[in-house]
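Novice: For the sequence shown, the numbering used here assigns the number 1 to the initial residue and increments by one for each residue that follows.
Quick caveat, the hints were computed from the structure, so don't treat them as lab data.
Heads up, the beta-carbon is just placed ideally off N, CA and C, and yes, glycines get one too.
Among the hints, a few may not be true.
[Unchecked claim] Calculated cross-link-like contacts (lysine-lysine; reagent style DSS-like; alpha-carbon spacing at most 25 Å):
| id | residue 1 | residue 2 |
| --- | --- | --- |
| 1 | 52 | 137 |
| 2 | 82 | 151 |
| 3 | 52 | 121 |
| 4 | 121 | 82 |
| 5 | 41 | 82 |
| 6 | 121 | 151 |
| 7 | 70 | 137 |
| 8 | 27 | 52 |
| 9 | 121 | 137 |
| 10 | 41 | 52 |
| 11 | 151 | 27 |
| 12 | 70 | 41 |
| 13 | 27 | 70 |
| 14 | 27 | 121 |
| 15 | 27 | 82 |
| 16 | 70 | 121 |
[To be verified] Cβ-Cβ distance ranges computed for the label pairs, FRET-style:
| id | residue 1 | residue 2 | range |
| --- | --- | --- | --- |
| 17 | 115 | 71 | 27 to 35 Å |
| 18 | 87 | 131 | 14 to 22 Å |
| 19 | 100 | 40 | 35 to 43 Å |
| 20 | 87 | 129 | 20 to 28 Å |
| 21 | 96 | 129 | 15 to 23 Å |
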Amino acid sequence: MKPIAVLSGLLVAAALAAGSIAWAQPKCAPTPRDMEGPFYKPGAPAREATGKGFVVSGAVRSAATCEGIKGARVEWWQANPKGEYDDAHRGMLMTGEGGAYRFETDSPPAYSGRPPHIHFKAFVPGHRPLTTQLYPKPGQSAITFDLVLVKE
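Sequences are here, hints too, so could you generate the full structure?
Specialist: What follows is the structure in structure tokens.
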């Protein structure tokens with residue numbers, strides 16, 4: 001057998017092995033952090049709805065494994081349809097199996113030069129807390145938004 005053919009075969013085998021190792025060890029990109037803003041208040045009430053017409057669902061995941069995390073605390077807050085923050089549009093829930101969460105709210109409005117958005121905080125023991133925002137597209141009535149946290 002020619003040395004070039006042997007070398008080519010070894011390189012192909014090494015590339016395939018490296019690809020399968022990377023594939024077998026999935027990692028999730030952490031959710032980008034975003035500003036908390038001035039309207040966060042700790043102690044949001046436990047609820048699964050803060051309005052009607054816009055459904056947000058997803059999972060809280062660990063960036064190290066991509067696995068969902070049951071029992072994570074997810075808080076959200078947003079402006080009401082008039083563009084004002086109020087207690088009626090604050091909520092908290094704990095994730096279920098596979099880290100799943102779901103809530104219904106009003107479609108977030110644009111206000112004072114800000115695009116429509118919903119603020120989030122996610123807390124998981126052993127992970128850094130995450131503060132971020134979701135920016136839905138106009139006309140959406142449902143969206144999936146995973147919250148991927150980094151271990152401490």
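Novice: None of the hints should be skipped; say for each whether it holds.
Specialist: Tested hints:
no., hint, in the structure
1, 52 / 137, "17 Å, holds"
2, 82 / 151, "38 Å, violated"
3, 52 / 121, "21 Å, holds"
4, 121 / 82, "23 Å, holds"
5, 41 / 82, "19 Å, holds"
6, 121 / 151, "15 Å, holds"
7, 70 / 137, "28 Å, violated"
8, 27 / 52, "34 Å, violated"
9, 121 / 137, "21 Å, holds"
10, 41 / 52, "22 Å, holds"
11, 151 / 27, "12 Å, holds"
12, 70 / 41, "24 Å, holds"
13, 27 / 70, "18 Å, holds"
14, 27 / 121, "21 Å, holds"
15, 27 / 82, "40 Å, violated"
16, 70 / 121, "16 Å, holds"
17, 115 / 71: 27 to 35 Å, "32 Å, holds"
18, 87 / 131: 14 to 22 Å, "19 Å, holds"
19, 100 / 40: 35 to 43 Å, "24 Å, violated"
20, 87 / 129: 20 to 28 Å, "22 Å, holds"
21, 96 / 129: 15 to 23 Å, "20 Å, holds"
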